[in-house]
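Chains as they are written, first to last, in my numbering: chain A, 1 to 205; chain B, 1 to 448.
No lab work stands behind these hints: they were computed from the structure. Remember, it's a predicted structure, so these values are computed and weren't measured experimentally. We treat Cβ as the ideally placed atom computed from N, Cα and C, and that holds for glycine. Keep in mind that the hints are not guaranteed to be accurate.
What the hints assert, rightly or not - Cβ pair distances, simulated, as ranges: (1) E328(B) with D113(A): 43 to 49 Å; (2) P73(A) with R355(B): 25 to 31 Å; (3) M40(B) with G108(A): 40 to 46 Å.
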Amino acid sequence: MARLSPDNEVLARSIIARYPRPKSALIPLLHLAQEQDGWVTDEAMAHIGELVGVSSAEVLGTCSFYEMFKREPVGRYLVNICTNISCVLMGSDDLLAHAEERLGVTVGETTPDGTFTLEGAECIAACTEAPCLQVNYRYRYKVTPESFDELVDALAAGQFADEIPAHGTLARVRQVIPADRAAGPVAPDDGRQPVWIPEADGGAS
Amino acid sequence: MTVSDVPPIVTSRFGNPEAHTLAGYRATGGYEALAKALSMSPEAVGSEVKEASLLGRGGAGFPAGVKWGFCPPGVWPRYLVVNGDESEPGTYKDRMLMERDPHQLIEGVLIACYAVGCGQAFLYVRGEMALAQERIAAALNEAYAAGLVGRNIMGSDFSVDVVLHWGAGAYIVGEETALIESLEGERGMPRLKPPFFPAAKGLYMQPTIVNNVETLSNVPWIVTNGAAAYNALGAEASRGTRMFAVSGHVKNPGVYEVEFGTTTFRDIIYAPVYGGGIVGDRAIKAFIPGGASAPWFFEEHLDLPLEKGTVDRAGSMLGSGAIVVMDETTDVVRACLSLVRFFAHESCGKCTPCREGTTWLERILTRIISGQGRPTDLDLLLDVSDNISPGIAWPPKQTTICPLGPSAVSPISSALTRFRGEFESRIDLAVAARSAVTPVEISVGSHG
Ligand SMILES: Cc1cc2nc3c(=O)[nH]c(=O)nc-3n(C[C@H](O)[C@H](O)[C@H](O)COP(=O)(O)O)c2cc1C
Ligand code: SF4
Ligand code: FES
Chain A
1 MARLSPDNEV LARSIIARYP RPKSALIPLL HLAQEQDGWV TDEAMAHIGE
51 LVGVSSAEVL GTCSFYEMFK REPVGRYLVN ICTNISCVLM GSDDLLAHAE
101 ERLGVTVGET TPDGTFTLEG AECIAACTEA PCLQVNYRYR YKVTPESFDE
151 LVDALAAGQF ADEIPAHGTL ARVRQVIPAD RAAGPVAPDD GRQPVWIPEA
201 DGGAS
Chain B
1 MTVSDVPPIV TSRFGNPEAH TLAGYRATGG YEALAKALSM SPEAVGSEVK
51 EASLLGRGGA GFPAGVKWGF CPPGVWPRYL VVNGDESEPG TYKDRMLMER
101 DPHQLIEGVL IACYAVGCGQ AFLYVRGEMA LAQERIAAAL NEAYAAGLVG
151 RNIMGSDFSV DVVLHWGAGA YIVGEETALI ESLEGERGMP RLKPPFFPAA
201 KGLYMQPTIV NNVETLSNVP WIVTNGAAAY NALGAEASRG TRMFAVSGHV
251 KNPGVYEVEF GTTTFRDIIY APVYGGGIVG DRAIKAFIPG GASAPWFFEE
301 HLDLPLEKGT VDRAGSMLGS GAIVVMDETT DVVRACLSLV RFFAHESCGK
351 CTPCREGTTW LERILTRIIS GQGRPTDLDL LLDVSDNISP GIAWPPKQTT
401 ICPLGPSAVS PISSALTRFR GEFESRIDLA VAARSAVTPV EISVGSHG
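Generate coordinates for the entire structure from the input sequences, incorporating the hints supplied.
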């Protein structure tokens, strides 16, 4: 489908410029591609490879390791129900079964209208709020079958559109390093001692 | 029951909804520690932190100041990598610190870079934490604009960029060498230690300090108040305060910052201001003291203090500060499967005992739960475990590159040692059910 748009290519170049080595920008750029298209296309991976200076096979090698990168379209809302220990103790097995029934899909599937994809997630660091879930990585705590149904109805009706952007968009605030304030990336072969470390000092010891 | 009356260190601003903004942070003394540090020599800052017994909060509990001193002298550049990949089941604290007090973390990062001489810092935030990423991005943008990050910080000759980096979903990336691989744009697979101890050969093979979010969030307080004030709190090597997430079958699940080393498990599980006791006032069956990788504790361990050495000697670990409580109604076989399945799912696949072993452990437990268990299964579980972690001891030995493989053994050996009967009765039921059925002739070519 799509390579990175011209705007996103500019953004991609500014992200690459922060790192001592361009390949370090791979994961952020894959996120950018997923934000643009909702999933990571082969064309975007090829484009990222060109920008970073590695083969598209290498891009795929990295991309395929990470759970969050989807290499086929998913629903507008990705619903991740935590199935780990604290949530299991508090009833996530039942919640997941309820979700499957309510959405009419099994884990890993997308509803025919393309609105929801259901997944079981590993611990999402909200264990004291079990059972919990994320919709496009936005939390819902202490979820009951009733509150799950309300959530699904609200999402299907287009509510929460402000709070929960379409799948692919993570942080809506990006780091911007202003040129006049940047210290700049430090290359691994730049052997200079930092100026604030006194000559004789080897740094903290 | 002791209730910690020590004022909070890292969560002191949690009650203030504006604490995540620069104005909110500065209104409560924010960035004064950085100013103080810059008025001291890097070496003096380093020794203050070293003198404070600040045990790493990521899992291993190694003293931060000592680690900072491990970079080989005269080898430049050095990097700082912040581990914000929090994903050990039961663990919930770093996300809170990143969402609610991002400047405290940034200030800790800057002080660490100043002391160690790091030329660049990378703040690796778990991919699934969208709000934490937003809060840190916004905080960094504000801090850059205010001259607190970047070139000539606070008008001094100290310059460092702090780059926000996100992960993309892989528990193993929390392991520090896998985190570094991931930051280099690779698959998150651990490196062999030795030789790849990050302080010697880390990011881009340069000396690299990897510290946890909570660890670094303590640093501004230590610089402001001094190591002596920090060491006045706590017991033995466990000094200061520490955040613990108490989850599972308690009345008030929550994250509590308590004095480190003195508060006991009983306090934090039962005191009304903390866990508040077991749901329905039932009996406790077991609890995990330090995250999914930790061997389980039981009723007889409740009076142990939350102190690293004590818990280590008792056969487990405080790990990532994750206490998971299971009451008497808990199906331990199901709980065990949940933990083992996690490790099987998250194994990076680099070494065979972990990749194959965790998969088999999951399969065997699954068949026990689904009524297909065999009488030989329990010994098989232990045999596979022994191949991953010879002797099934604590601390674990490993045939693997990193400790993830042995982590899967902890729940198995804990549950089997204590509750073997529960596994056996499931298997007995399954065997009885099978023998009640007339055997069907197996057709040629089928693989039973
Ligand atoms: C499998 C595995 C997963 C880990 N996950 C995390 C994690 O999510 N966050 C973390 O800070 N440390 C994690 N660690 C520990 C790190 O390797 C490292 O020890 C820690 O980040 C160092 O920081 P500290 O000294 O400040 O604790 C993990 C270790 C292993 C073996
Ligand atoms: S122990 Fe498991 S997770 Fe660790 S390196 Fe080996 S295969 Fe990967
Ligand atoms: S176990 Fe579900 S959020 Fe941690």
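Here is how each hint holds up against the structure:
Checked against the hint of 43 to 49 Å, the pair E328(B) and D113(A) passes, with Cβ atoms roughly 45 Å apart. For P73(A) paired with R355(B), a C-beta distance near 30 Å keeps the hint of 25 to 31 Å intact. The supplied range of 40 to 46 Å is broken by M40(B) and G108(A), whose beta-carbon atoms lie about 55 Å from each other.
In summary, the structure is inconsistent with hint 3 from the numbered list given earlier, while agreeing with all the others.
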